[in-house]
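Q: Order-wise, the sequence lines are chains B and V. Under the numbering used here, the residue at position 406 of the first sequence is numbered 406, and the numbers go up by one with no gaps. Under the numbering used here, the residue at position 145 of the second sequence is numbered 585, and the numbers go up by one with no gaps.
If you're looking for bench data, these hints aren't it; they were derived computationally from the structure. We put the CB at the ideal spot given by N, CA and C, even for glycine. Accuracy of the hints is not assured; some may be wrong.
[Said to hold, decoys possible] Now the stretches of chain B that chain V is said to cover, found in silico as 3 or more residues with beta-carbon under 8 Å: (1) 92 to 102; (2) 114 to 120; (3) 129 to 136.
[What the hints assert, rightly or not] Derived, one-sided and incomplete: chain B residues facing chain V with beta-carbon distance under 7 Å: (4) Cys107; (5) Val109; (6) Gly111; (7) Ser143.
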Amino acid sequence: MKPAIRVENLSKSYCLGTRTSGGYRTLRETINDSVAGAWHGLRRRYGSTGNGTANGHAKEDAFWALKDVSFEVQPGEVVGIIGRNGAGKSTLLKILSRIVEPTAGRCEVHGRMASLLEVGTGFHPELTGRENIYLNGSVLGMSRKEIDRKFDEIVDFSEIEQFLDTPVKRYSSGMYVRLAFAVAAHLDPEILVVDEVLAVGDLQFQRKCLGKMGEAGREGRTIVFVSHQLGAVSALCTKCMWLECGQLVTAGCTSSILQNYLSAMAGRTQGAKAYIDLRNRVRPRQFEQKVRFTEIELMNQEGDTTYSFGCGNPITIHLTMESQISFEHFIVGFSVRTSEGVVLYTSASDDDGSITSIRPGVVRMSCTMNPNYLKPGMYYLQIGNEVGTTQDFIEEAISFEIQPNRHYSQTSLYNLPGYLHFQYKWHGNEGAMIEVPQLN
Amino acid sequence: MSSAVEALPEERLPVPPESAASAVEPSTDDLPVTVIERRPSWRIVDLRELWRYHELLFFLTWRDVKVRYKQTVLGAAWAVLQPLATMIVFAMFLGRMAGAGASDIPYPLFVFAAMLPWTFFANAIGSAGNSVVGNQNLVTKVYFPRLIIPMSAVGAGLVDFAVAFVMLAGLMLYYGVLPGWQIVLAPLMVLLMTIAALGTGTLLSALTVAYRDVRYAVQFGVQLWMFATPCIYLNPETSIGPNGRLLLPLNPAYGLIDNFRRTVLGVPLDVYSLSVSAAVGVSLLLLGCLYFRRVERSFADII
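Excised from the complex, chain B in its bound form:
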């Protein structure tokens, strides 16, 4: 059976260089450059480096957003694409959606494909909800008859029936997103390509979207799904691909890829780092970062820096930050998450009512998880701080692993369901005799 999507040696490069800001040029510059280019006798096809100029910028300026990516997606598979920010995931989707042309390589797509790279593409604020349903549906590739047929279902899904005839500019952002997703959810293509659109909306809405995507997957559609929410990826995707710096690191079954991804973040493949420099880590832009995380380090009870801890043993987290301000109600905290993204618990520095004040400069704080109730496995930390409003937030700061040790090495530990392990005391009240073994 032919694969639904086949990608061979796909590459995309951009030309960085002495461009004026904004990335677009004026005619004067082009005329100057073409004269200069003509002297060098360089013959550049327009757009060969995807930047639309015909001057001779040398190849060393090229930035490869994707390099030699090859993979196949079989019909009916739900494939997740994960990777750090800037790994090339969105570029790959844009090439598959034919929005951007590859520099080299080729893709074959068997079947109609619809892409959801953004919610509400084509929505015009002046038009009413009803009009925007038609506009958005048409932009996404639905025919008018199809939209007519599905109109009632779309309105039902979006739950904005009474506001259908008000201009969309009056909608709240939640209503906007619900309407936009309702249209997108009723697309009928064989292949669906989705880019992190589920990151918007409230929790109930996200659950609804995930449900709809899961349904689409069960119906046998092929879905390619880019997300940072490892929980969603592990819930929906049968297969997973990991992109790093424009290259495909590995592809395969979701749970093993996720484990590999997290252990690579722990630095294991680069030679065990339980200390990570966070200065250059990309964060979402909306945070002010007046207090910025610079380092994170994990230590065990003996004071060794390690990312591997025995079951039940204390874990100390050392956070180093750089602060530009003084503040009296500083809060810093972390969440422990499983490799699939489930948040187990969150601990914040003001949990016990204490008030932390900070001064400008280097700020170091630490917290010891003692005892830790985590079962053996891979986990990762999400950290954040706030001074009134959230200042810095890193979703995957560091990952660590819990090893079984001789105190907790009962074989059933791996098989019992649940993420946490508590050793509670059992009593035999009638008809049972309990003998606690002596530990040595």
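Assemble chain V onto chain B, guided by the hints.
A: Same frame as chain B, now just chain V:
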């Protein structure tokens, strides 16, 4: 930009089912196949693909028209006011100097019949020029043949033209001027004007994506263009010299507007200016589309 012009046909399938396909699951073989790879710079317009997206063209045009008149008091009347106001100005200031139009046609009607297609042309070029940049949210997020964008801008201009045409009919009734048999050719003139406007519009829209200052040049360029189209306010037979009448039809607006007016007002056609202007218009369309297609692939990268 010295690559040879290769008009390679687009490889849009469905691919004929290959013999090696397994018989158990024939489903994927019947599906349309799209191949995505780097294409040569010069490629012709894929008319089949454009036709596949014709509904989107309709929706985008409808959106442009609707949005223009939402929340306005006068609504579609604005489509009429622009040519009407210019006509009044011309009639007041130039009516006496230019002499009457054709001897039996009142000057205001003479001007309005030319202002109507000119307004269409000028607005179509202006809005088409900015159309791709203005729709960058679509260009960066969804695939469809980008040529649809300037086409929808010109389409919206046609709608305004249709509204203002009603006014022209009203004026003709008022002045008691009846159309002759030539009125049948008026749609042809409109088609030719659309072709010329589309050609210029696609060329400008592609240029504006890469070079943002083109937008400003277009604004006053269009005003200057009107001066290069003197047939709007001058009668070609009486007020434009033989050299002018020889060379001016190279401006497609000149020949097409003049002949549009002739067909509507029942004056015999000027075949020379019509053929020259039509030829220039069609070449503009070809040039515009070729350049647009060449630049299209990097729109999402540089917009």
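Q: A separate judgement is required for each hint: does it hold in the structure or not?
A: Against the structure, the hints come out as follows:
1. 92 to 102: Our answer is that it holds, as 9 residues pass the Cβ test (under 8 Å) against chain V, meeting three.
2. 114 to 120: With 3 residues in contact (Cβ-Cβ under 8 Å with chain V), the coverage given for the region 114 to 120 of chain B holds.
3. 129 to 136: holds (count 3)
4. Cys107: holds (4 Å)
5. Val109: holds (5 Å)
6. Gly111: holds (4 Å)
7. Ser143: holds (6 Å)
In terms of the numbered hints stated before, the structure departs from none.
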